[in-house]
Amino acid sequence: MRLPCPHCGPRDYSEFRYGGDAENPRPKHGTGDLQAWHDYYFVFNNPKGPHEEYWQHVLGCRRWFKLKRNTATNEVIGVVQP
Amino acid sequence: MSFRRLSSGGLIDRGKPVGFTLDGKSYKGLAGDTLTSALLANDVTLVGRSFKYHRPRGIMSAGVEEPNALFTLHDGGRREANIPGTMVELIEGLQARTQNAWPSVELDVMGVNQIAAPFFQSGFYYKTFMGPSKGSWMLYEPFIRRAAGLGEATHDFNPDPDRYETRFDFCEVLVIGSGAAGIAAALSAAAGGGRVVLVEQDSRLGGGLLSDAAQASWLNDRLAEIAAAKSIQVRTHTSAAGVYDDNQVVLVERRDHARPDPTKGQARQVLTMMQAASIIYATGAIERPLVFANNDRPGVMLASALRTYLHRFGVAPQSAVIATNNDTAYETARDLAAAGVEVTVVDSRDDAALAKRNDFRVLTGTVVANVQGRRALYGAVLQGAHEENIRCDAIGVSGGWSPAVHLTSHGGIRPRYDAAVAGFVPGGFAPTHFGAGAIMGTFGLNAAIREGAAAGAKASGGTGAQIPAAIGEDRAYSVMPVWMPPKARGKAFVDFQNDVTAKDIKIAHQEGYHSVEHLKRYTTLGMGTDQGKTSNINALAEMAELRGLPLEQAGTTTFRPPYTGVALGVIAGRTTGKHFRPTRRSPLHDWHAANGGVFIEAGAWMRAWYYNWAGDSAASAYVKEMELVRRNVGISDVSTLGKIDVQGPDAAEFLNRVYVNGFAKLPVGRARYGVMLNDDGIVLDDGTTTRLSETQFYMTTTTAQAGEVMSWLEYLLQMHWTDLKVHVTSLTDEWGGIAVSGPNARKALELCFPGIDVSTEAVPYMGAKEFTFEGAPIRLLRLSFSGELAYEVHTRADFTTALWERFIATGKPLGLKPYGLEALASLRIEKGHVAGLELDHRNTLDDLGLGKMAGKEKDYVGKALRFRPTYQAAERWSLVGLELLEPEKKLRGGAILFAKGDEIKGHGRGYITSVTWSVELGKTIALGLYDGGLKHVGEEIVCAFPLKNELARAKIVSPHFIDPEGKRLHA
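Those protein sequences? They're chains Y and R, same order as listed.
Each residue of the first sequence is one higher than the one before, counting from 1 in the numbering used here.
Each residue of the second sequence is one higher than the one before, counting from 1001 in the numbering used here.
Among the hints, a few may not be true.
Straight-line C-alpha distance at most 27 angstroms; calculated DSS-like pairs for lysine-lysine [said to hold, decoys possible]:
1) R/Lys-1856 with Y/Lys-28
2) R/Lys-1747 with R/Lys-1955
3) R/Lys-1967 with R/Lys-1900
4) Y/Lys-28 with R/Lys-1665
5) R/Lys-1967 with Y/Lys-28
Don't read these hints as lab results, they were simulated from the structure.
Since we're looking at a predicted model, the values are computed, not measured.
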């Protein structure tokens, strides 16, 4: 399976690390709202189908990016532009 | 004599004899033989004993589907078990052994299981061992393990001397299988110009065409075209083991035939991760046996196998009965008859017309009901329109053909039952996958060629190529399956490798194991090395009939990779031993090795554990090394620390956010100890960061968390704080570090760096100084892990050894010596510094006694969740110091802590993280986590280590065992 590094192009998945769910927006730095951080850090959907997640090209250029991937088929839908 | 080598025919070289042994006995085969064809040519038909009943078994097939003729090959570390002899190319000197028989296949003691057979029918294991008396499993297991089972793995502790490799590769079109459809597909795809790879598990291209002498010229012409086509790469001896996401196909190539020499770097097997833009499955079909009594006797073979042995290897029996329910077996009968074999066809279909077309005897409306002979058959017992016994050397059976759909369903698409084929065909394809030929149920050669050519065009996105037609008309298939066995005495086998009979399936049905998945697990059907390639459909069909369901509603079990057995060696590839993961070495590694350093693995790093100047074991040496640091001065290698350069106009703001304590106002030339949290408020890491200029910081992390912290900083900067102008760069490998510790540390610096002012005014506690020495940049940081006056001297990796040697040489008058990791880690316990054992990703700042460090007014990562109620609970386990009260006893890391009077049971109230002998206090001390922490200072507790049945009394104290005011640091 290959993932599209926005900097290097398609590379084997073994060059990447998974960085977790990217669908919960991270509360802004300094937000003191316990509930917001709780929801961000602990509450996830676990969809069967398209899913946005963080990946890092850790054994390459070290670029982090958001990837949309189908969790059921591993089809790579594409990099989510910030 | 029943089987013999014919005087002509076959793709073998009669001028090149090849010697091999079976169970130590020598035989001769010919170049081009497989192990099984050579054995048949020597009239060896009994080659193993069956799994449960130890019944005599022979060679059933000529391909990967072989359930019985499994051998153990080679010796010592090269030994391989359960290899189908049908796939082993004969090489000079090959050593093969039969399996599952003792003392020999002819006289097998375990054959007594045949008498005990009623106990071994389906569900035997479940009923006996999973029932009310679980103890019986303990009693019988050793016996059963020895009696059952196939070949044994090597017991030789010498590693396999051979080399196995892993590669990545790419192609436009991958064609799996090189029969008529695969060849047509490859040639047609190649017309598109892209790179085509044609893989074939056999040693030769051709698939079924190799068993059909009439197509020899068509095949040879196409092979010449393939050889001439630059864009087609052919890989024989290569099986497609599995198809994975994103069209990645695992190909396993075996090279035993080429006699690879590992000392020359030649690989015995190569695993290729093939990334294919599109895939064409031309995997063909596998013939099914018929189910009748004693259908496992040596000499009962697939009809197509008889044809393969005849055409490819020039081996045939003297006489044969061909039992069939379809037209394809007539080709075998015709070819065998033409080669002088006495042939009788027994056809279950009641169609008188079938008899008339042939010049051999055909008995229609008749089936083989039983077999005469035990270790070798001598006759077939017929039932139906013709009830007679026919003497013969072999019975060729054809119960129809099962398309080899396995790979197509690895992606999760279930096969679909096709009644016209009487078998499962692919249930669909991903958009870049195509099928052609027998796998689709297309059994005619010309139809397969057309289908292959069309698939090649589609897969390559081109127009394809015209592929010449095969010689002659397409054959009919006309299958009429009969699933239930004829009534006769004797076991009628469905799964030969697992000894599952038709009766076992009936029992499974009676006992309610109806679904195919339950059937499989209850009877072990379809398990083993052949994964039911010959047995699945017969079993599913019988179950469907017992349930009164059409086959398509009975379902099929899931096919999973690998398609055929794969050696563990090739999955590991070269990642064995030290190649399993890279070894990291400090720039000082060679110095330690040459100067009495003894190494210990710490994560991926090799670190100097202790030096033999101090003793010849870690237990004795570390105490002396600790004394050196407490009383004089020592140097230690801290190059493994994570080192990160943080630069940019917002660098101070960035660090102020990631550390719990303030960094925004850290002056240039000063260092600060900092602690980072995860978003959930758990401690991530600690370390010291130095401000080199307004916009540049030099961060150190713990050795263990260096990679994690680097990724974390990058994550925050790239994904969340994109407004901050900061860049982080790892310097871990580029810079080395030397800790200089002890009351005489400053003197050691003065001797090492004459002319550099290292006075406490110039470099105060937590001060830093940058200078150039002998052309190399030096970062001198005054910070202490041991609690003594101490410095870290960081420099370029390539200058680190020269600097270290300079410290050793100039420090000689002081008595400066190196100290290792054990002493380093013990000194910090005395000081009460937390390290990896305490920073275990489960503890909060407050648990570790670091809560006061956190800035009250500032914001930092993890601040909000740090204050959630569970983390603020009073009963949390938190950091304490411990002093052993019974000097003759031991404290151990991991010991469970109990309050005095507690019952010693369960998880206790905490545990010990780190233990050392304190040279300062003259007693054993420890750090640990204890329920309520320092509220219990002064209390006596019990440290239990149940693994060694030890109990020791200890007292809870402050973790700062030495110099709690920090006077020494400021000296």
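Verification of the hints:
1. R/Lys-1856 with Y/Lys-28: The hint holds at about 18 angstroms.
2. R/Lys-1747 with R/Lys-1955: violated, 38 angstroms
3. R/Lys-1967 with R/Lys-1900: violated, 35 angstroms
4. Y/Lys-28 with R/Lys-1665: Distance of about 23 angstroms is within 27 angstroms: holds.
5. R/Lys-1967 with Y/Lys-28: violated, 42 angstroms
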